[in-house]
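Enquirer: Residue-level listing of the chains:
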Amino acid sequence: MLGALTLLLVFQLIGEVLAQLFALPIPGPVIGMALLFAALALRGGPSPELRDTAQNLLQHLSLLFVPAGVGVMLHFNRIGDEWLPLAASLVGSTVLTIAVTALVLRALARRAEGGK
Amino acid sequence: MRTPAQLAEIWVYLSASPLLGLTVTLLAYQGAWWLYRRAHFHPLANPVMLAVAVLVLLLQLTGTPYQTYFDGAQFVHFLLGPATVALAIPLYTQLPKLRAMAFPLLAALVAGSLTATVSAVAIGKLFGASEASLLSLAPKSVTTPIAMGIAERIGGLPSLTAVLVISTGILGAIGARFIYQALGIADHAVRGFAVGVASHGIGTARAFQVSEQAGAFSGLAMGLNALLTALLVPLLIPFLKNWL
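So the sequence lines, in the order shown, correspond to chains W and S. Number 495 marks the last residue of the first sequence (this note's numbering); no jumps. Number 389 marks the last residue of the second sequence (this note's numbering); no jumps.
Since the hints were made in silico from the structure, they are not lab data.
A partial selection of chain S residues facing chain W, derived with a Cβ cut-off under 7 Å:
#1 L225
#2 P227
#3 A231
#4 A253
#5 A321
#6 I330
Quick reminder that beta carbons are idealized off the backbone N, C-alpha and C, glycines included.
Kindly generate the complete structure, drawing on both the sequences and the hints.
Expert: Rendered as structure tokens:
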């Protein structure tokens, strides 16, 4: 648990340093994820300890968004003025994005499978 | 027994320490999780939405400023970093499927990312949103720190973008199942990837509650879309401004 958590933080730290060093538009943790993925592919998979720790963290990923979500309360006034266009845009765009991504992926994945 | 004045002193003491913000966050989430489980993990009982609603109500009723609350809740918030790194592990277990689907995944990513930005701005414009709001809407499908950075670069309001990002996440986590049912999409890799493109980490959290495969592909989509949107939106905005 402790070793695995340290490893995750080390990869995050490397990601943050690289992001700052090269002024990358991607956040450090996402770079850390890519690097850890590459390391796992080279090494042939995670240790059972790392696997368990990741599973525990990700099982309650929802919890980690709660503090930022409560920040909604700071913007009640601005949202109140433009609630209709904002709500329409969010709902419409989210539905369209999920539908388009899923349909394109399904169509192309089927064709890739059929071509073999 | 304490007198009311002494109780008020305890409140003053507690409300100034991080302990309270952290504890109420965990309590609210566990209450939300309990409901979510009782609802058989139905998407409409989304635990992020329920916990946020309870906490906002609580802070409003007690007149507690968000900053005071966040002093405690930041310990939970901090774990987002290592959790994002940890997404590499489920992704690794999906490596064979990932290889087989590499091209379709990239094509779907580009299609989804363009749809997210263009449709958000177009629908907002159609309903008469102000220009600052339109620019804040453009990066709404990617994870908060990137979306805020993009909004700042193109002249939106980063703090409004943060709220729009969280709302998009919750909407996608709630709505995805109904869209997949309507379209007849059953593959968990496809389901996870699409919700990850549209609804970043909150969609990914929901996907992990459905299956590990859905979660892994959602996490991948979230990471890739963060990268693509950061590159694409600043290029797209001048065209969108002319066109609208």
